[in-house]
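Chemist: Those protein sequence lines, which keep their order, are chains A and B. This note's numbering puts the first residue of the first sequence at 10, with every later residue one more than the last. This note's numbering puts the first residue of the second sequence at 10, with every later residue one more than the last.
If you are wondering where the hints come from, they were derived from the structure by calculation, not from laboratory data. Treat each hint with caution, since some may be false.
All copies of an identical chain are treated as equivalent in the list; a pair is satisfied when it fits inside any one copy or across any two copies.
[As the list claims (entries may be wrong)] Below are the DSBU-like pairs computed for lysine-lysine, each with C-alpha atoms no more than 30 Å apart in a straight line:
1. Lys175 - Lys49
2. Lys130 - Lys49
3. Lys175 - Lys122
4. Lys91 - Lys192
5. Lys192 - Lys130
6. Lys175 - Lys130
There are 2 protein chains.
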Amino acid sequence: MTNLSSMQYMLVYNTFSFTIAAMFASFIFFIAARSQVGEKYRPALLISSLVVAIACYHYFRILNSWEAAFTLTNGEYVPSGKPFNDAYRYVDWMLTVPLLLVELIAVLALPKKDREGLFGKLAIAAFLMIVLGYPGELTTEIVPRAIWGTLSSIPFVYILWVLWGKLGAALSSQPPHAQVLMKNIRLLLLFTWGFYPITYMFPMFGISAQSSVVGVQIGYAIADVLAKAFYGVMIYWIAFAKSEADGSLPARH
Amino acid sequence: MTNLSSMQYMLVYNTFSFTIAAMFASFIFFIAARSQVGEKYRPALLISSLVVAIACYHYFRILNSWEAAFTLTNGEYVPSGKPFNDAYRYVDWMLTVPLLLVELIAVLALPKKDREGLFGKLAIAAFLMIVLGYPGELTTEIVPRAIWGTLSSIPFVYILWVLWGKLGAALSSQPPHAQVLMKNIRLLLLFTWGFYPITYMFPMFGISAQSSVVGVQIGYAIADVLAKAFYGVMIYWIAFAKSEADGSLPARH
Numbered sequence: 010m011t012n013l014s015s016m017q018y019m020l021v022y023n024t025f026s027f028t029i030a031a032m033f034a035s036f037i038f039f040i041a042a043r044s045q046v047g048e049k050y051r052p053a054l055l056i057s058s059l060v061v062a063i064a065c066y067h068y069f070r071i072l073n074s075w076e077a078a079f080t081l082t083n084g085e086y087v088p089s090g091k092p093f094n095d096a097y098r099y100v101d102w103m104l105t106v107p108l109l110l111v112e113l114i115a116v117l118a119l120p121k122k123d124r125e126g127l128f129g130k131l132a133i134a135a136f137l138m139i140v141l142g143y144p145g146e147l148t149t150e151i152v153p154r155a156i157w158g159t160l161s162s163i164p165f166v167y168i169l170w171v172l173w174g175k176l177g178a179a180l181s182s183q184p185p186h187a188q189v190l191m192k193n194i195r196l197l198l199l200f201t202w203g204f205y206p207i208t209y210m211f212p213m214f215g216i217s218a219q220s221s222v223v224g225v226q227i228g229y230a231i232a233d234v235l236a237k238a239f240y241g242v243m244i245y246w247i248a249f250a251k252s253e254a255d256g257s258l259p260a261r262h
Numbered sequence: 010m011t012n013l014s015s016m017q018y019m020l021v022y023n024t025f026s027f028t029i030a031a032m033f034a035s036f037i038f039f040i041a042a043r044s045q046v047g048e049k050y051r052p053a054l055l056i057s058s059l060v061v062a063i064a065c066y067h068y069f070r071i072l073n074s075w076e077a078a079f080t081l082t083n084g085e086y087v088p089s090g091k092p093f094n095d096a097y098r099y100v101d102w103m104l105t106v107p108l109l110l111v112e113l114i115a116v117l118a119l120p121k122k123d124r125e126g127l128f129g130k131l132a133i134a135a136f137l138m139i140v141l142g143y144p145g146e147l148t149t150e151i152v153p154r155a156i157w158g159t160l161s162s163i164p165f166v167y168i169l170w171v172l173w174g175k176l177g178a179a180l181s182s183q184p185p186h187a188q189v190l191m192k193n194i195r196l197l198l199l200f201t202w203g204f205y206p207i208t209y210m211f212p213m214f215g216i217s218a219q220s221s222v223v224g225v226q227i228g229y230a231i232a233d234v235l236a237k238a239f240y241g242v243m244i245y246w247i248a249f250a251k252s253e254a255d256g257s258l259p260a261r262h
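Model the full assembly from the supplied sequences, consistent with the hints where possible.
Modeler: As structure tokens, this is what we get:
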């Protein structure tokens, strides 16, 4: 950890606070919005709500850890000696990535034979992806970070490749309006998940230590808001469109 | 930040505390009142509840930051050196202004073709309005504050102008009782939103630094209570009147 200017410190601090607010607001939304979609799609929304609730908790901890890691000295934020706990994110991902996979599989509503074994394979890949990424996160040295990052990318690419294929294969069986949304969610998946490895690589870009700390924290926070809260809203739209198409929408007068 | 008298400090403190109470009470109200209007209008009330929940969270943080920014010395409140974090408001507006726009569009229940693209345009304008206002908020110097304030006013006026027009155009298609409410909400929109730029300009009025700090904090808090909590209550009245008119009111015994 290095000294940060007041502006750099506050930028990260306010991004964390923003993330907390975004996560709990989407928690309330997902819980309440369950009654607005068909019975069949409610589990997907419930899982969305768990994902953002877990993330909200972790961002509270992350913000507190960030506050404790610095002391304000002569207008600058100086490391206090207390380490900033990066592990919160990895613990969060251990819980939320498998849930995000379940959520996506749930809303696809694939036939049983296509679902079988799918979650198991993806969950193992997710576990490897997170566990292999963590050792690299603990260092800002380029070589070990690059090695662990590359190892972690193998299961990462595998997950995206499988999901991309499944989402593509499921497209034809979806109602027309849901098809457009599914194509969008497929792109969003690629875009938001792609945000993580780019953020991971920040310290390798030859930028200053300060910019790299700030960039990594803000990058992950934005990626988490997109991949969890915004992703959940997309899942809600799909669930709504599918409920409309299969007539399971709660009665409206 | 300047020294404040005990009276000035407590006036701001108690206004923040009042705002927290108003926000969480209206959160409970909006969540519970959903079941009292037709299905079609429930999303509008749900969004009202998100807006005040997010604001409640931020006012907790704002109150804590206010407390930390001063120390009581010889009966006077002296800046402690910890900065008062103005950014909470701006982060709050980033999340709540788009939601307020969705809420208003949702309760208007415009035909699909009139809705299309409307939210996108307004959301971009809202983003510009907030981002351009912030740099001016960080200073009490008149010139930069006036420049950023003026720039921020352009998208601000645009949003109000579009909403005023849409609300006016939607009037004729509303049931009679809702028409009166819509006219009121249109005035309330102008009145409460107009409160923000006036508050923003306080430091330019040639009043003392103390009065200007106190005025800005109290002004924004009152504007937030009106534009979020009271506005949500108006939305509820409209939703109720429209449910009554279209027969979607839940059965009463």
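Chemist: Hints first: check each against the structure and report whether it holds.
Modeler: Taking the hints in turn, this is what the structure says about them:
| no. | hint | verdict |
| --- | --- | --- |
| 1 | Lys175 - Lys49 | within (19 Å within a copy, 34 Å between copies) |
| 2 | Lys130 - Lys49 | within (24 Å within a copy, 34 Å between copies) |
| 3 | Lys175 - Lys122 | within (13 Å within a copy, 33 Å between copies) |
| 4 | Lys91 - Lys192 | neither (45 Å within a copy, 48 Å between copies) |
| 5 | Lys192 - Lys130 | both (23 Å within a copy, 23 Å between copies) |
| 6 | Lys175 - Lys130 | within (13 Å within a copy, 34 Å between copies) |
In this structure, only the earlier hint numbered 4 is contradicted, and the remaining ones agree with it.
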